[in-house]
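K.L.:
Now for the letters of each chain:
There are 2 protein chains.
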Amino acid sequence: MAKVDIGRKILGANEVYAQKNRELLAQIKKPCFNIISSPGSGKTTILVRTINDLAGSLRVGVIEGDIQTDIDAERIRAAKAPAIQINTQGACHLSAAQVNQALEKLPLDSLDIVFIENVGNLVCPSAFELGETGKIVVLSVAEGDDKPAKYPAIFAKSKVLLVNKIDLLAGALVDFDLDRVRMDARRLNKDISIFPVSARTGEGMQNWYAWLTDQIRASR
Amino acid sequence: MAKVDIGRKILGANEVYAQKNRELLAQIKKPCFNIISSPGSGKTTILVRTINDLAGSLRVGVIEGDIQTDIDAERIRAAKAPAIQINTQGACHLSAAQVNQALEKLPLDSLDIVFIENVGNLVCPSAFELGETGKIVVLSVAEGDDKPAKYPAIFAKSKVLLVNKIDLLAGALVDFDLDRVRMDARRLNKDISIFPVSARTGEGMQNWYAWLTDQIRASR
Numbered sequence: 001m002a003k004v005d006i007g008r009k010i011l012g013a014n015e016v017y018a019q020k021n022r023e024l025l026a027q028i029k030k031p032c033f034n035i036i037s038s039p040g041s042g043k044t045t046i047l048v049r050t051i052n053d054l055a056g057s058l059r060v061g062v063i064e065g066d067i068q069t070d071i072d073a074e075r076i077r078a079a080k081a082p083a084i085q086i087n088t089q090g091a092c093h094l095s096a097a098q099v100n101q102a103l104e105k106l107p108l109d110s111l112d113i114v115f116i117e118n119v120g121n122l123v124c125p126s127a128f129e130l131g132e133t134g135k136i137v138v139l140s141v142a143e144g145d146d147k148p149a150k151y152p153a154i155f156a157k158s159k160v161l162l163v164n165k166i167d168l169l170a171g172a173l174v175d176f177d178l179d180r181v182r183m184d185a186r187r188l189n190k191d192i193s194i195f196p197v198s199a200r201t202g203e204g205m206q207n208w209y210a211w212l213t214d215q216i217r218a219s220r
Numbered sequence: 221m222a223k224v225d226i227g228r229k230i231l232g233a234n235e236v237y238a239q240k241n242r243e244l245l246a247q248i249k250k251p252c253f254n255i256i257s258s259p260g261s262g263k264t265t266i267l268v269r270t271i272n273d274l275a276g277s278l279r280v281g282v283i284e285g286d287i288q289t290d291i292d293a294e295r296i297r298a299a300k301a302p303a304i305q306i307n308t309q310g311a312c313h314l315s316a317a318q319v320n321q322a323l324e325k326l327p328l329d330s331l332d333i334v335f336i337e338n339v340g341n342l343v344c345p346s347a348f349e350l351g352e353t354g355k356i357v358v359l360s361v362a363e364g365d366d367k368p369a370k371y372p373a374i375f376a377k378s379k380v381l382l383v384n385k386i387d388l389l390a391g392a393l394v395d396f397d398l399d400r401v402r403m404d405a406r407r408l409n410k411d412i413s414i415f416p417v418s419a420r421t422g423e424g425m426q427n428w429y430a431w432l433t434d435q436i437r438a439s440r
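Taken in order, these protein sequences are the chains called A and B.
Take the first sequence: its letter number 79 is residue 79 in my numbering, and every next letter is one higher.
Quick note, my numbering runs 220 ahead of the 1-based positions in the second sequence.
Simulated from the structure, these hints should not be mistaken for lab results.
Treat the hints with care, as some may be off.
[As the list claims (entries may be wrong)] The calculated lysine-lysine pairs, modelled on DSS-like cross-linking and capped at a C-alpha distance of 25 Å, are:
#1 B:K370 x A:K105
#2 B:K325 x B:K250
#3 A:K30 x A:K159
#4 A:K80 x A:K30
#5 B:K229 x A:K150
#6 A:K159 x A:K190
#7 A:K150 x A:K30
#8 B:K229 x A:K9
#9 A:K150 x B:K300
#10 B:K370 x A:K80
#11 B:K240 x B:K229
#12 B:K250 x B:K379
#13 B:K300 x B:K325
#14 B:K229 x B:K377
#15 A:K30 x A:K157
Whenever a hint applies, use it, and build me the whole structure from the sequences.
P.N.:
What follows is the structure, given as structure tokens:
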């Protein structure tokens with residue numbers, strides 16, 4: 001029982017900052033999406049391609065969460081978007097307080113949208129609200145089609161599921177049943193939007209961009 | 221500071237059971253490896269292939285950690301090895317107490333080795349000692365070659381790194397520099413053994429089997 005109480009206290013302290021972030025984002029009328037996946041599903045590559053493909057029409061800012069290194073923030077900056085790196089020093093998820101500090105450092109007035117790239121972890125980040133407009137879960141086809149069944153929390157809470165690396169499906173190099181993923185994800189979350197994409201080849205990315213553009217319109 | 225204290229208490233309670241497991245394994249003189257990776261790196265597929273390829277010479281028992289479902293335990297049982305499923309109900313790692321209960325349920329007398337397949341998570345399981353003989357980290361090439369740098373703890377603590385899905389390197393479908401992984405992993409842990417494998421095609425698995433066989437000999 002002690003374990004549950006401890007968890008509640010940590011989540012309660014987090015909620016104070018989540019609410020601050022929610023109020024700030026509502027005030028400036030800009031959407032902010034919290035991207036969650038296992039390590040290596042392609043979160044940063046999706047962001048870099050999105051920034052490049054929509055350069056000139058969408059001004060993106062990124063909050064990068066990593067345990068160590070600023071590898072990901074450097075990749076975002078190379079695509080000419082502002083990025084604030086948060087190193088969690090071992091912690092398995094971003095907290096709302098960390099995001100609150102990072103939001104203050106971003107040039108919000110000159111942005112259309114903020115992405116939070118969470119620490120690579122399909123489990124823990126789903127339990128910590130950051131005050132975001134919504135969560136985006138990324139699943140690479142190389143990870144297998146049983147992941148919504150085995151890691152249900154994040155699929156139940158996300159607005160969008162990006163099924164990435166679909167270029168690997170050609171040649172039957174990986175066993176992945178997209179229909180099974182669709183069915184399992186929709187059973188957990190009937191409203192989730194599912195876009196199969198390849199951030200490497202660009203396949204399917206237009207559907208993701210159309211959804212994003214619509215979200216920006218809706219938040220104004 | 222409160223956060224650190226809470227963490228210490230949880231880890232302290234865990235250590236009591238880790239020590240019990242250590243003593244049990246020393247008494248029966250059988251090795252027990254804790255396999256840790258992101259979701260979908262191929263832990264279960266590696267185990268199933270190992271069980272099948274070494275059938276007749278190596279008797280394997282498996283403790284399966286998953287947040288939900290018994291999909292993985294069923295895969296192990298289909299390969300005719302005993303498997304005890306632990307569902308963590310949301311928790312992001314196995315505890316030593318859970319492993320202690322599962323060890324009691326396995327037919328240890330008729331086994332040569334026990335594998336613990338931890339919850340798919342490259343971060344949290346590395347902080348919880350289970351009393352295991354050693355940790356094995358699995359990294360799929362689809363996850364990218366920056367993972368030892370970005371998630372150093374588990375690479376620093378493991379006896380073996382299995383670089384899985386090397387069949388995907390053919391045709392340059394994924395960008396992955398094996399030398400970078402070797403260099404970064406060895407910088408964290410000069411004693412780590414690194415075996416590039418494909419559990420799908422069987423490539424490189426003989427090196428892993430040779431290492432395992434040697435470990436069993438050493439523990440007798």
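K.L.:
Indicate, hint by hint, whether the structure satisfies it.
P.N.:
Hint-by-hint comparison with the structure:
| no. | hint | result |
| --- | --- | --- |
| 1 | B:K370 x A:K105 | holds (23 Å) |
| 2 | B:K325 x B:K250 | holds (16 Å) |
| 3 | A:K30 x A:K159 | holds (16 Å) |
| 4 | A:K80 x A:K30 | holds (20 Å) |
| 5 | B:K229 x A:K150 | violated (29 Å) |
| 6 | A:K159 x A:K190 | holds (10 Å) |
| 7 | A:K150 x A:K30 | violated (33 Å) |
| 8 | B:K229 x A:K9 | holds (15 Å) |
| 9 | A:K150 x B:K300 | holds (22 Å) |
| 10 | B:K370 x A:K80 | holds (22 Å) |
| 11 | B:K240 x B:K229 | holds (18 Å) |
| 12 | B:K250 x B:K379 | holds (16 Å) |
| 13 | B:K300 x B:K325 | holds (16 Å) |
| 14 | B:K229 x B:K377 | holds (21 Å) |
| 15 | A:K30 x A:K157 | holds (20 Å) |
Violation of the numbered hints given earlier is confined to hints 5, 7; the remaining hints are satisfied by the structure.
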